[in-house]
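*Asks:* With the hints as a guide, bring the two chains together.
Spelled out from the first residue to the last, the chains are:
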Amino acid sequence: DQQVKQNSPSLSVQEGRISILNCDYTNSMFDYFLWYKKYPAEGPTFLISISSIKDKNEDGRFTVFLNKSAKHLSLHIVPSQPGDSAVYFCAASPSGGYNKLIFGAGTRLAVHP
Amino acid sequence: SQTIHQWPATLVQPVGSPLSLECTVEGTSNPNLYWYRQAAGRGLQLLFYSIGIGQISSEVPQNLSASRPQDRQFILSSKKLLLSDSGFYLCAWSGDGNTQYFGPGTRLTVL
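Listed in order, the protein sequences are those of chains A and B. Heads up: the first sequence is residues 1 to 113, going by the working numbering. Heads up: the second sequence is residues 1 to 111, going by the working numbering.
Treat the hints loosely; a few may be bogus.
Stated by the list, open to error - Covered stretches of chain B, as calculated for chain A (at least 3 residues, CB under 8 Å): (1) 75-83; (2) 98-107.
Stated by the list, open to error - Ranges between beta-carbon positions, derived for each pair: (3) Val-78(A) <-> Ser-84(B): 39 to 49 Å; (4) Ala-39(B) <-> Thr-26(A): 18 to 28 Å; (5) Glu-22(B) <-> Ile-18(A): 35 to 45 Å.
If you're looking for bench data, these hints aren't it; they were derived computationally from the structure. Ideal Cβ positions, reconstructed from N, Cα and C, are used throughout, including at glycine.
Pulled out of the complex, with its shape left as it was, chain B reads as follows (with noise of 0.2 Å):
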């Protein structure tokens, strides 16, 4: 069965600092891989999603990178932290149809 995992599960770091955030997917292939924030009561926001490794699509622009340097590794970084990057990160794969299945997510608070 396929697994989805997110670290660290909980971040606290200081404005201007960079970020680097991991998410790994077990169980499948060629996964098409997605990370979304969501704000304090807000929705949740589709900020990059990836069809294969090396390719990336950015959804909003923003002070956030990602990068997939693996088939099953999707990573979000920032060079510099804003306190308005504050918020749950969540990474979600989905295989050939529509549903997406996310990860655990990750707590980030920016000071």
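With the rest of the complex left out, here is chain A (with noise of 0.2 Å):
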């Protein structure tokens, strides 16, 4: 059963444009949710997170949004960048766990010129 889920397999989007990345959770003990991007052949990178208390956190041209009446979250770029161009992954951890993040399939972002 997969509690978090990101159905997008992949964007596509030119630069300049907004991305705008979506990810859903059943898991109503989650507390935390982060976003990750990740190259090929490398470790994922911590891009930006919020807490459950939030609905909206921005850092930079990152902003993450979060809708708990939905269970949904989303990744808004703005605007967009080559360098963008990564495997995004949406993580959720529950409270009282360890700091244990259960992560989505992620979204293969791809910005063109």
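*Replies:* Take a look at the structure:
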């Protein structure tokens, strides 16, 4: 049973436009959510996170939105750049879970000129 | 600053051979440590985590084991590799917060 789902395996966006990556979760015990970026043959790099007590967190070009009632979060990248092309993973952490993370399957973002 | 190392970077092993992957963390004390595997085209699956020396929790039954002989050292092992053990293995650490920081990974191919 997938507790964290990224239903779009890939996304193609033009340089300069907005990229929106989506993530859904099923477990209401999740209280912390993170986005990671991964290049091939490298470890994931932490991008941005959000606590369940917030509904938005912004860091430069990256903004994460959390809709707890819908159990949905999204990552917005504005403006998108070619260097943003990578696989993006959504992850969720249950409260009291020794910081364990449950990952989605990832979305491959391609930013083209 | 904190740094996490993994070695080897790549490994090709025959079926039935043993395995030992090592992960070390620098610049922090008493981290939580994690082993993940990413199969081809899949997400990251948590295999083991450790909250202290000698304390290992297994998330999924499998052909692998983990050990933490020192505070900042985490080892992933197998006595006999299977074809299905092929994948990209990632070690990660976390401190007091929820964020985990990943190492560069080891690409394991079992033939």
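*Asks:* Kindly confirm whether 35 to 45 Å is satisfied by the beta carbon distance between Glu-22(B) and Ile-18(A).
*Replies:* At 42 Å between Cβs, range holds.
*Asks:* Do at least three Cβ atoms from the segment 98-107 of chain B come closer than 8 Å to Cβ atoms of chain A?
*Replies:* Per the Cβ count (9), the hint holds.
*Asks:* Counting residues of the segment 75-83 of chain B whose CB is closer than 8 Å to a CB in chain A, do you get three or more?
*Replies:* Result for this restraint: violated, n = 0.
*Asks:* Is 39 to 49 Å respected by the C-beta to C-beta distance linking Val-78(A) and Ser-84(B)?
*Replies:* holds (41 Å)
*Asks:* That 18 to 28 Å hint for Ala-39(B) and Thr-26(A) (C-beta), does it hold up?
*Replies:* Given about 22 Å between the Cβ atoms, the range holds.
In this structure, only the earlier hint numbered 1 is contradicted, and the remaining ones agree with it.
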